[in-house]
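Visitor: Residue strings, one per chain:
Number of protein chains: 2
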Amino acid sequence: MPQSSSLNRRIVLASRPRGEPADSDFRLETDAVPEPGPGQLLLRTVYLSLDPYMRGRMSDAPSYAEPVQVGQPMVGGTVARVVASRHADYPVGEWVLSQSGWQDYAVSDGSGLLKLGSAPERPSYSLGVLGMPGFTGYMGLLDIGQPKAGETVVVAAASGAVGAVVGQLAKIHGCKAVGIAGGADKCRYVVEELGFDACIDHRDPAMANLLAKAVPQGIDVYFENVGGAVFDAVLPLLNPRARVPVCGLISAYNATSLPDGPDRLPLLMRTILTKRIKMQGFIIFNEYAPRFGEFRAAMQELLRDGRIKYREDVVDGLENAPRGLMGLLKGENAGKRIVRVGPDE
Amino acid sequence: MPQSSSLNRRIVLASRPRGEPADSDFRLETDAVPEPGPGQLLLRTVYLSLDPYMRGRMSDAPSYAEPVQVGQPMVGGTVARVVASRHADYPVGEWVLSQSGWQDYAVSDGSGLLKLGSAPERPSYSLGVLGMPGFTGYMGLLDIGQPKAGETVVVAAASGAVGAVVGQLAKIHGCKAVGIAGGADKCRYVVEELGFDACIDHRDPAMANLLAKAVPQGIDVYFENVGGAVFDAVLPLLNPRARVPVCGLISAYNATSLPDGPDRLPLLMRTILTKRIKMQGFIIFNEYAPRFGEFRAAMQELLRDGRIKYREDVVDGLENAPRGLMGLLKGENAGKRIVRVGPDE
Chain A
1 MPQSSSLNRR IVLASRPRGE PADSDFRLET DAVPEPGPGQ LLLRTVYLSL
51 DPYMRGRMSD APSYAEPVQV GQPMVGGTVA RVVASRHADY PVGEWVLSQS
101 GWQDYAVSDG SGLLKLGSAP ERPSYSLGVL GMPGFTGYMG LLDIGQPKAG
151 ETVVVAAASG AVGAVVGQLA KIHGCKAVGI AGGADKCRYV VEELGFDACI
201 DHRDPAMANL LAKAVPQGID VYFENVGGAV FDAVLPLLNP RARVPVCGLI
251 SAYNATSLPD GPDRLPLLMR TILTKRIKMQ GFIIFNEYAP RFGEFRAAMQ
301 ELLRDGRIKY REDVVDGLEN APRGLMGLLK GENAGKRIVR VGPDE
Chain B
1 MPQSSSLNRR IVLASRPRGE PADSDFRLET DAVPEPGPGQ LLLRTVYLSL
51 DPYMRGRMSD APSYAEPVQV GQPMVGGTVA RVVASRHADY PVGEWVLSQS
101 GWQDYAVSDG SGLLKLGSAP ERPSYSLGVL GMPGFTGYMG LLDIGQPKAG
151 ETVVVAAASG AVGAVVGQLA KIHGCKAVGI AGGADKCRYV VEELGFDACI
201 DHRDPAMANL LAKAVPQGID VYFENVGGAV FDAVLPLLNP RARVPVCGLI
251 SAYNATSLPD GPDRLPLLMR TILTKRIKMQ GFIIFNEYAP RFGEFRAAMQ
301 ELLRDGRIKY REDVVDGLEN APRGLMGLLK GENAGKRIVR VGPDE
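In order, the protein sequence lines correspond to chains A and B. Residues in the first sequence are numbered from 1 upward in steps of one, following UniProt numbering. Residues in the second sequence are numbered from 1 upward in steps of one, following UniProt numbering.
Think of the hints as simulated: they come from the structure by calculation, not from any bench. Quick reminder that beta carbons are idealized off the backbone N, C-alpha and C, glycines included. Honestly, I wouldn't trust all of these hints.
As the list claims (entries may be wrong) - Computed footprint of chain B on chain A, listed as stretches where at least three residues anywhere in the stretch have a Cβ under 8 Å from a Cβ of chain B:
# : region
1 : 201-207
2 : 223-231
3 : 262-269
Stated by the list, open to error - Listed below are several chain B residues computed to face chain A (Cβ distance under 10 Å; list not exhaustive):
#  : residue
4  : 58
5  : 60
6  : 115
7  : 144
8  : 148
9  : 149
10 : 231
11 : 233
12 : 244
13 : 261
14 : 274
15 : 275
16 : 277
17 : 281
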């Protein structure tokens, strides 16, 4: 069922998943398109972003953000167009970056919207390299990671929206960039297209050894977005005074209990102490919102100059968003995964 | 056997301890007092510092510093006097802060010495509140912890050399200071003498609950110097954007293996992420040596004004240093533990 001008499809959280989300955790509902009141505008979704953090919002475990309520639409960043307006600042036809979630239409009073103009060049980029994931890679690497020329930077999910930015920025700052990704195709892309110095396939049973060989000088910055076995392989390779920005732990998002022992928490603490490591968690818009404009300007220039490359993985149709998210959590995407919800025009 | 002018007693590492150090891991040896060559000077130890880090140096596990070699004198900070000199900058009678270790006499070429003058007011303070432990508390709290007025600061080993400085500085900066210490006497001292807002006895089986009640606003800075059960109690109480300077893990120094599972490493990582926590290990003189003078000037003023209080726990005689260290690792000290090795004059 394609997007219609009279019906509002939305995908709601049907139940909280235990472990990996399943089809039955989502439900497609249909409703009338809402009408904007005074001072409001109506948005039509063109693109929806799919991101690993969404798994966290499906759970009610304590986290940095409120969970999605069962029966409510899934949250998500969108690129949308104004299709009706009773708000002076938002003429019909304007493109915006919004948080209107997994649905065709949403009413807004303008708060939290970023204007993208009436004819943006590549509007969907604002969900990726010019949006939350790119901003995460940019600030996490440069502000927390503080890479210096000659240092070694390692990032996992290297072909993904965040990892690709981290590694390319590391190269731009004169560092050695080593990626970790799932499968030979992704690794080839990371090295040949994105210009990383090396990329390790995390499915290879020898991953830890291969990583150690790829970083003969140790690791100065590990940009943490996956956790699990990759972190375990990285930990003994961290150099004194290494920096570990922590922006995600995709490998653990589906976990329902802690792994078996021994308890390595004391080992991690001892490593932090003896190697004088800085680990710092961050949630990009909580920590860095005032610097979003600065990031956008810098990244637009890097894209224009061809110094940052970017690839999208487009899922077609809102009804395919649940499968798209489930696949993303398994790493089946090739590039930044977005959903084409409706036509540009 | 008291200090003599002709014999040099020294305590060497006899064997590497497994778990808690024992008497048999140390050996007292006697030798002739060495003679300074050209450009050298001879130091006579007056005070020896005993500190938890010494346990780490007895092991050959990888750490931030070289281990003591079996058969070599134990390392340690000392306050000493120049008793013979062929070095123009060091007249006989001068007091210095040195790293001459567990022995009566040592030859030096002057490198690494800090001059304390010919008649310092309280020379032993340079092993504690005006030395490495005070510097650790000062920089860890102020530079890494970044406490803001109204925030809550928690520190364990609160009656010890580092903890006492951390809590008192927290109060001076307008924070709420909550200490953790072993036993009612120490807790009373921490609250009544040092002016902390509260102190929890870590021997109380209800420690975690008592701590939670003592920090109704959560914890903004946890100064980590013990690890173990205290850290476990602190972790769920950390506020978003909490800072955790990590300068020691005394509870784990005697550990020979990791605790049983489950493996809480992923839990710690998730907490760092979802609460956007900064954890940072530091080894005071590696990270902050250039700021030692600034620290000494500030701390001398705070002591002079009575805003920082300080207590020493003096063990008499070099031969009692091993027992003194073993007791320190069990928390039996009341204040900064030092050894009176020889007379002032």
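Visitor: Hint by hint, note whether the structure agrees.
Guide: Status of the hints after comparison with the structure:
1. 201-207: Answer violated; 0 residues pass the 8 Å Cβ test.
2. 223-231: holds (count 4)
3. 262-269: holds (count 8)
4. 58: The hint is violated - residue 58 of chain B has no Cβ within 10 Å of chain A, the shortest such distance being about 15 Å.
5. 60: 13 Å, violated
6. 115: 28 Å, violated
7. 144: This interface hint holds because 9 Å falls under the 10 Å limit.
8. 148: 16 Å, violated
9. 149: Interface hint status for residue 149 of chain B: violated (22 Å vs cutoff 10 Å).
10. 231: Holds: closest Cβ of chain A sits about 7 Å from residue 231 of chain B, inside 10 Å.
11. 233: Violated. Min distance 13 Å.
12. 244: 9 Å, holds
13. 261: 2 Å, holds
14. 274: For residue 274 of chain B, the interface hint holds, since the closest Cβ of chain A sits about 5 Å away, which is under 10 Å.
15. 275: 7 Å, holds
16. 277: Status holds, d = 5 Å.
17. 281: 4 Å, holds
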